[in-house]
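A.B. asks: Spelled out, the chains give:
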Amino acid sequence: MMARMGLNKKGQAEIMDGLILMLIAATCSVVLLSISSDYGSLPIKIYEETYSQKLAQNTLLSLYHITDQTEGSEYYRKSIMVAVSQELSRGTTDFSLSGDPAGKLIGDVLKKYSDELGREFLFALTNEAAMLDQTVISTDPQVTDAATFRERVGNPYCASAALTYPNSGSCVTGGEAGSMCYTIFEICTWLT
Amino acid sequence: MSWLGKKGQGDFLSGDMPALIMIVVSVGFFLSSIYLAQNEFQSKKGTIDMEAALVEAASTFLKENAKIRADDVTSSTSEFWSEKLEKITRTYGVNVYVELMSLDPNAPVCTSPKECTNGDEPADNINTLSKRFPIALKGDTDLDVYPALIKVYVYRS
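From first to last, the protein sequence lines are chains A and B. Start counting the first sequence at 1; every next residue gets the next number (the working numbering). Start counting the second sequence at 193; every next residue gets the next number (the working numbering).
No lab work stands behind these hints, which were simulated from the structure alone. One or more of the hints may lead you astray.
With a straight-line cut-off of 20 Å between C-alpha atoms, the simulated EDC-like cross-links for lysine to aspartate or glutamate are [to be verified]: (1) K306/B x D115/A; (2) K104/A x E71/A; (3) K259/B x E307/B; (4) K255/B x E48/A; (5) K78/A x D334/B; (6) K259/B x E271/B; (7) K236/B x E48/A; (8) K259/B x E313/B; (9) K279/B x D241/B; (10) K255/B x E49/A; (11) K276/B x D264/B; (12) K306/B x E116/A; (13) K237/B x E116/A; (14) K104/A x D296/B; (15) K104/A x D336/B; (16) K45/A x D241/B; (17) K343/B x E48/A; (18) K343/B x E116/A; (19) K343/B x E49/A; (20) K112/A x E307/B.
Construct all of the structure, not just a fragment, from the sequences and the given hints.
C.D. replies: Here it is in structure tokens:
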């Protein structure tokens with residue numbers, strides 16, 4: 001090939017051919033190794049995101065099922081979300097208060113999960129997709145309301161579900177559906 | 193090749209030998225990169241399968257949340273183990289080892305590590321992926337449900 005391009009000294013053309021071949025082989029090898037090193041990174045990222053999403057959903061579902069095992073408690077052997085429902089029917093929405101029994105139950109469970117999993121958790125009721133500040137319960141002491149959540153939490157994974165509670169005259173949050181009120185609650189998790 | 197003074201060097205570089213050496217080196221380099229890439233693909237594929245098995249396990253525990261009793265994990269004849277977790281083993285060609293631990297000291301069982309397990313624990317030198325999932329552990333009655341964690345290990349023997 002190089003002989004046709006003007007390299008007429010014996011050996012030079014062959015050396016140039018060899019160099020070009022080496023260059024092509026090196027380029028192909030680099031491309032191949034680059035593709036192989038990137039292979040799987042996208043599905044693994046998707047699986048990690050799916051895991052985080054399932055973690056939030058599992059936590060949310062657990063709150064429906066886990067019961068208060070504190071003997072003498074008002075909600076003894078009742079589900080945590082039943083406690084929240086009853087508090088709401090009484091007109092209480094400030095679950096972040098340390099004295100609120102439903103808020104304390106949620107805070108205890110989330111802290112246990114946070115300690116074991118090394119992740120932060122947040123519970124909040126939402127109204128028209130916005131978190132209600134007074135209902136925010138977070139394992140991160142720096143996250144106390146919707147503003148600090150937006151500011152400090154980069155990439156949270158959240159799961160939400162509806163909660164109904166008895167309508168005792170007016171619904172303190174959410175909407176009304178006959179004798180029942182409904183609201184949405186949310187569980188978010190993120191890595192510290 | 194006049195710049196090469198020693199006898200023999202000029203003849204060597206002016207013949208086909210340099211090109212042949214470069215061809216052999218190029219082909220060898222390319223073939224070794226194919227070999228490395230293939231190893232990388234196989235390794236990543238194995239990791240993807242294990243990640244998929246873990247996500248499948250998370251989905252399984254999500255569906256079974258608050259239905260799982262300690263017996264379901266510790267008994268190898270339980271319906272849960274044989275139907276749900278063995279399906280993951282078959283589908284993804286991996287071994288699954290599960291540890292269930294209650295986070296509530298009031299729970300009647302599974303309050304200490306390795307008390308409630310199923311499957312063969314992976315050896316230390318085996319490449320293992322593990323994840324932990326929150327779960328509600330059912331106690332003696334439907335009114336006794338405790339916060340718990342399931343730790344799933346996925347590995348190939």
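A.B. asks: If a hint holds in the structure, say so; if it does not, say that too.
C.D. replies: Results for each hint:
With a C-alpha separation of about 19 Å, the suggested pair K306/B and D115/A falls inside the 20 Å cut-off, and the hint holds. Distance hint between K104/A and E71/A is fulfilled; the C-alpha atoms sit about 15 Å from each other, no more than 20 Å. Under the criterion of a C-alpha separation no larger than 20 Å, the hint pairing K259/B with E307/B is consistent with the structure, at around 19 Å. As the CA atoms of K255/B and E48/A are separated by approximately 19 Å, the hinted pair is consistent with the 20 Å bound.
This hinted pair checks out: K78/A and D334/B have alpha carbons roughly 10 Å apart, not beyond 20 Å. Between K259/B and E271/B the alpha-carbon distance is near 12 Å, which keeps this suggested pair within the 20 Å criterion. Among the hinted pairs, K236/B with E48/A is consistent with the structure: their alpha-carbon atoms are about 15 Å apart, no more than 20 Å. As the CA atoms of K259/B and E313/B are separated by approximately 24 Å, the hinted pair breaks the 20 Å bound.
Taking the CA atoms of K279/B and D241/B, the gap is about 14 Å. The hint holds against a cut of 20 Å. Between K255/B and E49/A, the direct Cα distance comes to roughly 18 Å. Compliance with the 20 Å bound is thereby established for this hinted pair. Taken as a hint, the K276/B and D264/B pair is honoured in the structure, with Cα atoms around 11 Å apart against an allowance of 20 Å. A hinted pair counts as satisfied when its Cα atoms are at most 20 Å apart, and K306/B with E116/A qualifies at roughly 15 Å.
About 30 Å separates the Cα atoms of K237/B and E116/A, which puts this hinted pair outside 20 Å; it is violated. About 15 Å separates the Cα atoms of K104/A and D296/B, which keeps this hinted pair within 20 Å; it holds. Restraint check for K104/A and D336/B: satisfied, since their Cα atoms lie roughly 18 Å apart, inside the 20 Å limit. Distance check on the hinted pair: K45/A and D241/B sit about 13 Å apart at the alpha-carbon level, within 20 Å; holds.
In summary, the hint linking K343/B to E48/A is supported, as the alpha carbons are separated by about 16 Å, within the 20 Å threshold. With a C-alpha separation of about 11 Å, the suggested pair K343/B and E116/A falls inside the 20 Å cut-off, and the hint holds. At roughly 18 Å between alpha-carbon atoms, K343/B and E49/A fall within 20 Å of each other, so this suggested pair holds. Taking the CA atoms of K112/A and E307/B, the gap is about 19 Å. The hint holds against a cut of 20 Å.
Violated hints, listed in ascending order, are 8, 13; each of the other numbered hints is respected by the structure.
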